[in-house]
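A.B. asks: Chain by chain, the residues run as shown.
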Amino acid sequence: GENVEQHPSTLSVQEGDSAVIKCTYSDSASNYFPWYKQELGKGPQLIIDIRSNVGEKKDQRIAVTLNKTAKHFSLHITETQPEDSAVYFCAASTQGGSEKLVFGKGTKLTVNP
Amino acid sequence: DVKVTQSSRYLVKRTGEKVFLECVQDMDHENMFWYRQDPGLGLRLIYFSYDVKMKEKGDIPEGYSVSREKKERFSLILESASTNQTSMYLCAGTGDNYGYTFGSGTRLTVV
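Chains as they are written, first to last, in my numbering: chain A, 486 to 598; chain B, 4 to 114.
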């Protein structure tokens, strides 16, 4: 079955710097790659996703890139702010996102003021 | 806005008790999931359901069962709670062409 590896497990940056979180997946049939942000005491929330027919997607300060050949995808956050501090999870699905997702183990991002 | 509601934020139960965790979604979609979240292990799938009265085992179903009698409600059952089931439990729902919506989670402690 699918296996998703996520790195790093913790990341500390200064406010205003960029942060990059990387994930690799094993199943070449995977076609949907979402990213979730989990703040303390809350459930994960979808922040951005990308499908396999697209190489990059942006939403304000957040972008995701996908390299299907290498089977990896990355989350990029620019101009980080303290409110970006959270745990981020990547995930992959072979079924378009409406069905089972396999998650990475998470990255704890800390943005220092 | 779609909503997934978990009935309890915190629960403390004794070893051997039967525990019910309830989840309700208002999306009128079929797909619902139960995950547990543990430090360093991420989110692991326990059970999922794609339709009423339908259930499928996820990656770690041992010690758990589920019930889906109505489309909007998906219950996770710990038949005989054990201390190694102390965890954060997350319910999620999804439908066509959009990602999961998670509930706020239930932090279960088994003593």
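These are calculated hints, taken from the structure and not from any lab test.
As the structure is a prediction and not an experimental result, all values here were calculated from the model.
Watch out, some of these pointers could steer you wrong.
Using 35 Å as the maximum straight-line C-alpha spacing, the simulated DSBU-like pairs for lysine-lysine come out as follows [what the hints assert, rightly or not]:
id: 1; chain 1: A; residue 1: K553; chain 2: A; residue 2: K590
id: 2; chain 1: A; residue 1: K590; chain 2: A; residue 2: K522
id: 3; chain 1: B; residue 1: K58; chain 2: A; residue 2: K507
id: 4; chain 1: B; residue 1: K6; chain 2: B; residue 2: K74
id: 5; chain 1: B; residue 1: K73; chain 2: A; residue 2: K553
id: 6; chain 1: A; residue 1: K507; chain 2: B; residue 2: K16
id: 7; chain 1: A; residue 1: K556; chain 2: A; residue 2: K590
id: 8; chain 1: B; residue 1: K73; chain 2: B; residue 2: K21
id: 9; chain 1: B; residue 1: K74; chain 2: B; residue 2: K60
id: 10; chain 1: B; residue 1: K73; chain 2: A; residue 2: K590
id: 11; chain 1: A; residue 1: K542; chain 2: B; residue 2: K74
id: 12; chain 1: B; residue 1: K16; chain 2: B; residue 2: K74
id: 13; chain 1: A; residue 1: K553; chain 2: B; residue 2: K58
id: 14; chain 1: A; residue 1: K543; chain 2: B; residue 2: K56
id: 15; chain 1: A; residue 1: K522; chain 2: A; residue 2: K507
id: 16; chain 1: B; residue 1: K21; chain 2: A; residue 2: K553
id: 17; chain 1: A; residue 1: K553; chain 2: B; residue 2: K16
id: 18; chain 1: A; residue 1: K542; chain 2: B; residue 2: K16
id: 19; chain 1: A; residue 1: K527; chain 2: B; residue 2: K56
id: 20; chain 1: A; residue 1: K593; chain 2: B; residue 2: K16
id: 21; chain 1: B; residue 1: K60; chain 2: B; residue 2: K16
id: 22; chain 1: A; residue 1: K593; chain 2: A; residue 2: K527
id: 23; chain 1: A; residue 1: K527; chain 2: B; residue 2: K16
id: 24; chain 1: B; residue 1: K74; chain 2: A; residue 2: K590
id: 25; chain 1: B; residue 1: K16; chain 2: A; residue 2: K543
id: 26; chain 1: A; residue 1: K593; chain 2: A; residue 2: K553
id: 27; chain 1: A; residue 1: K522; chain 2: A; residue 2: K542
id: 28; chain 1: B; residue 1: K16; chain 2: A; residue 2: K556
id: 29; chain 1: B; residue 1: K16; chain 2: B; residue 2: K58
A.B. asks: Would you list, in rising numerical order, the hints stated earlier that this structure does not obey?
C.D. replies: When the structure is compared with the hints, numbers 5, 6, 14, 16, 17, 18, 25, 28 turn out to be violated.
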